[in-house]
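Participant: Here the protein sequences line up with chains A and B, keeping their order. Taking this note's numbering, the leading residue of the first sequence gets 1, the next gets one more, and so forth. Taking this note's numbering, the leading residue of the second sequence gets 1, the next gets one more, and so forth.
Simulated from the structure, these hints should not be mistaken for laboratory data. Think of the CB as a built atom: it goes at the ideal place given N, C-alpha and C, for glycine as much as any other residue. Hints may be right or wrong, so weigh each one.
Residues from chain A shown here face chain B by an in silico Cβ test under 7 Å; the list is partial [what the hints assert, rightly or not]:
id, residue
1, Gly43
2, Glu44
3, Leu45
4, Phe47
5, Arg50
6, Gly101
7, Leu103
8, Phe105
9, Arg107
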Amino acid sequence: AQKVTQAQTEISVVEKEDVTLDCVYETRDTTYYLFWYKQPPSGELVFLIRRNSFDEQNEISGRYSWNFQKSTSSFNFTITASQVVDSAVYFCALSWGSTLGRLYFGRGTQLTVWP
Amino acid sequence: DARVTQTPRHKVTEMGQEVTMRCQPILGHNTVFWYRQTMMQGLELLAYFRNRAPLDDSGMPKDRFSAEMPDATLATLKIQPSEPRDSAVYFCASGLVKGTGGSYNSPLHFGNGTRLTVT
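Extracted from the complex, chain B is given alone in its bound form (with noise of 0.2 Å):
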């Protein structure tokens, strides 16, 4: 089965590091989505993309995140500098979106997650 694949699946460091997250999607999906996950939020979406060019990422702390996809092979969500609120659960998500109505030919496929601690 093709998955979502994300690097590292786990990542202890400092506050103040900066935190490189890595997710390769599904070969074939043209949308990849980076969603955040805590207990006191629960699955929030930070960033997606669309054929690689950023489509929103309203969800995202401006100043200290960022998201690219420098191929269709690579996605990456980095955190400079990071903070102790930022330790959560971090999902990379794939799928296939058609047509400007958005109508699908596959479901989100979600990768293992990067499970982030910053102390």
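Looking at chain A on its own, in the form it has when it is part of the complex (with noise of 0.2 Å):
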């Protein structure tokens, strides 16, 4: 089965501590691309990153960082010294070639994030 597995369904901080998300995903297509978005309590989805199965370079954007592992079929998040206003549900999601652009989420993490 292809999946996306999310194992954290709520994860609580404090302001300017470092939390990771964890995603773990199975797919038995060589190439594939996996997501992360964001959902705050507004709800709507917002688009946060696209890796693709060949990229395994870690990638930071501002205090947002993502590690790829192919070797552990792992893309987790990091989001350092967290702010009240990452408080969201945050979803991981997979895509491969032949769904063309079909997303298969996981059920998502919801991260609260404590003044």
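Reconstruct the complex from the two isolated chains, following the hints.
Facilitator: If you want it as structure tokens, here you go:
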């Protein structure tokens, strides 16, 4: 089965703490794409990042960083120095060539950052 | 920034009524998706289109749901008759997918969703 597992249902941290959201995926394809989306309390789904299976370089964007490891089929997301505005549900998603863009989502991780 | 536009944002209706949700994809995107989000099922795909042709609608209850793309700027999702279990947030998303292998030129961009409540 091809799927995405986000084992952490809920995480609570205090502002300025670092937090890592885990994502483990399964796929038979050698060409695939991994995504993270953010869903703040207002409800919209905001695209954060896309990686393809041939690019294992870690990526950093401001306080956000992503660690892609094919050896462990993981695509983890770290927020450094978390802020209250980071409170949201974060979804990891998977797609592969034959799905023509269709995303398979994990169940999401609810992150709450307390002041 | 280009956005996917969904209307209405909220809809409250009584069981048995017809519901129509509309989506304007980002100009130039050739793939349109309808997802439904519920607490129990999470985000599940209902249907999707490429170049306005339906590719897969196996996620939809066929007897009551229908999805169409009358033109490249409009996608619709209809429920008739609606039932309380249809209460959910319905998202439209669009993207640009090239080639038979599905290589991307853009990630999926989602609209703000339609929150449907069927009483």
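Participant: All the hints need checking, so say for each whether the structure fits it.
Facilitator: Hints versus structure:
1. Checking glycine 43 of chain A against chain B: minimum C-beta separation of about 6 Å stays under 7 Å; hint holds.
2. Interface restraint check: glutamate 44 of chain A against chain B, minimum CB-CB distance 5 Å, threshold 7 Å, status holds.
3. Of the supplied interface hints, the one on leucine 45 of chain A holds, with its beta-carbon coming within about 4 Å of a beta-carbon of chain B, less than 7 Å.
4. Satisfaction of the interface hint for phenylalanine 47 of chain A is found here, the shortest Cβ-Cβ separation to chain B being roughly 5 Å, below the 7 Å cut-off.
5. Hint status for arginine 50 of chain A relative to chain B: holds, with the closest Cβ pair at about 5 Å, below 7 Å.
6. Hint status for glycine 101 of chain A relative to chain B: holds, with the closest Cβ pair at about 4 Å, below 7 Å.
7. At a threshold of 7 Å, the smallest CB-CB gap from leucine 103 of chain A to chain B is about 6 Å, leaving the interface hint in force.
8. Hint status for phenylalanine 105 of chain A relative to chain B: holds, with the closest Cβ pair at about 4 Å, below 7 Å.
9. The beta carbon of arginine 107 of chain A is positioned within 7 Å of a beta carbon in chain B (closest approach about 5 Å), and the interface hint is therefore held.
Comparing the model with each numbered hint stated earlier shows that all of them hold.
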